[in-house]
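**Q** Protein chains in written order, with this note's numbering: chain A, 1 to 255; chain B, 256 to 529.
Since the hints were derived computationally from the structure, they do not count as laboratory data.
Because the structure is a prediction, the values reported are computed rather than measured.
All C-beta atoms in this analysis are idealised placements derived from N, C-alpha and C, irrespective of residue type, glycine included.
Heads up, some of the hints might be wrong.
What the hints assert, rightly or not - Computed Cβ-Cβ distance ranges for the label pairs, DEER-style:
#1 B/GLY327 with A/ARG242: 19 to 27 Å
#2 A/PRO186 with B/TYR372: 46 to 54 Å
#3 A/ALA224 with B/GLY393: 31 to 39 Å
#4 A/ALA235 with B/ARG470: 35 to 43 Å
#5 B/GLY419 with A/GLU93: 47 to 55 Å
#6 A/GLN26 with B/GLY471: 37 to 45 Å
#7 B/ARG486 with A/ILE111: 52 to 60 Å
#8 B/ALA423 with A/ALA161: 29 to 37 Å
#9 A/SER12 with B/ALA423: 37 to 45 Å
#10 B/ALA423 with A/ILE111: 38 to 46 Å
#11 B/GLY471 with A/LEU220: 57 to 65 Å
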Amino acid sequence: MTARYCYLLKSSWLRLLELAYWPTMQMLVWGFLYTFLYASDSNLLNTAGLLLGAVLLWDVLFRGQLGFTFTFLEEVWSRNLPNLMMSPLKPTELAASLMLMSLVRLLIGTIPVTFLTLLLFAFNIYALGLPLIALFINLVLTGWAVGLVISGLVMRHGLGAESLAYSVMILLLPLCCVYYPIWVLPAWLQPVAWSLAPTYVFEGMRAVLLDGVFRADLMLECFALNIAYLAVGFATFLYLLRSARHNGTLLTMGE
Amino acid sequence: MNLIEKFHPDENRPLGTADMPRYSPPVSVNAEIASAITVEYLCKKYGAHWAVDDVSFVVPKGRTIGLLGGNGAGKTTTIAMIMGLVVPTAGRAVVLGHDMARERHKVLGRMNFESPYVALPSRLTVRENLTVFGRLYGVPNVKERIDALAQDFDLVPILDRATGKLSAGQKTRVSVAKALINQPEILLLDEPTASLDPDRAEWVRSCLEIYQKQRGATILLSSHNMMEVERLCNFVIIMSFGRIIEMGTTKELIERYERENLHEVFLYLARSDH
């Protein structure tokens, strides 16, 4: 399956370009804001750095999920899903190949942008050091869990559920405290935010950038949440696949 | 004696659902001949509509069975349930001894299918598509298998072209080649020559005939082309509105309805009130 997706990627340079296009555009907007804030008051350097770090990590989360879901949607758009579902391919193998391709697409899309940020705005995300790996892994895991649920919904409800690929993550944006610390939220909303794995990542990022402290406790809690998310995501994917087989929606996929 | 025989509906058989219709013409197989596909009281209901309505038949190993019927007769849904892509509302489809609703992964590697309702990824070349499916089916020596299929189906000149840029006929040949990539024991074909010109269609039929004889494969063929069915199939099942309305060898059906050929039998049945 991974070979199939690699064939697809190499078949079009436009697809490759698109992977980096949106992250680059977003980075340019926020990068100029960073430059403006820094030029206005050098005391705002940390704040501006937080913004850029948050933008980059948010993109990891968003693109990780999009990479997973879009790779799945390619099968629906090309009316190839029934071919796969009637082959010996197991759901676990399909999910594993989607995860791998999500990672490939993510790296193609974000690595050039991080270097561009360094070049244009002198902001080095790699200065986060080893903690960056923990932040990255946790965000990718969340993206996969959400991708599994959305792919399942597309299988069950057809292309009517396609827009979820773009919209679900936007729902998380205000809740998982990407650009501001969690104490900004009303007290009643904070438990909701702490139930979301990305909140731990962005809190962890702020701890590294502002205080120079790596909060391993946050990363471990986040990892535990992500394992639970993945288990729920995969169970939901299997349930929706079973439901799609009962409702016959796999037969009409792509129509 | 026919390989497949009719028997009278058992009015006392247990029903899968309370409102399931009672009449159907189930069939049994000669016990001496092993079955490749067994369909028992198969039903599929979408909302209030019975897409497949109490269908039973047995396909013995090594035979080619034609599944005929107009649009909406339930052929594609029946094939999808045999492949395990759709779960029956009631009844079951058993392939090589495995219930497809529950154990499909045990047998999917020994089957394959072709359908005009399904496409291969258009941006991948023919070779890439066949390679992907060869690997998915665990075909040893995929490259050699692709070369052999390319020779059989005249795909050599188009092996490195994007599948989406092929003509409808070329795409159909690629799909049939994909269906044979794993040399399946069970082959389900949904209108395999629908978009082919008469010459290419004849070629594909010959390839299928040779494959069936060499491999001893079992083929369930859905088609609107009566000449094709007469030529390839040992036995014919005719469906209408989700039910089996007639079955038999071509000769039997022609004699039973006192018609000239299967085409006329089909037209007669299609225009009758069932």
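**Q** None of the hints should be skipped; say for each whether it holds.
**A** Checked hints:
no.	hint	verdict
1	B/GLY327 with A/ARG242: 19 to 27 Å	holds, 26 Å
2	A/PRO186 with B/TYR372: 46 to 54 Å	holds, 52 Å
3	A/ALA224 with B/GLY393: 31 to 39 Å	holds, 37 Å
4	A/ALA235 with B/ARG470: 35 to 43 Å	holds, 40 Å
5	B/GLY419 with A/GLU93: 47 to 55 Å	violated, 25 Å
6	A/GLN26 with B/GLY471: 37 to 45 Å	violated, 60 Å
7	B/ARG486 with A/ILE111: 52 to 60 Å	holds, 58 Å
8	B/ALA423 with A/ALA161: 29 to 37 Å	holds, 30 Å
9	A/SER12 with B/ALA423: 37 to 45 Å	violated, 23 Å
10	B/ALA423 with A/ILE111: 38 to 46 Å	holds, 42 Å
11	B/GLY471 with A/LEU220: 57 to 65 Å	holds, 59 Å
Hint violations for this structure: numbers 5, 6 and 9, all remaining hints satisfied.
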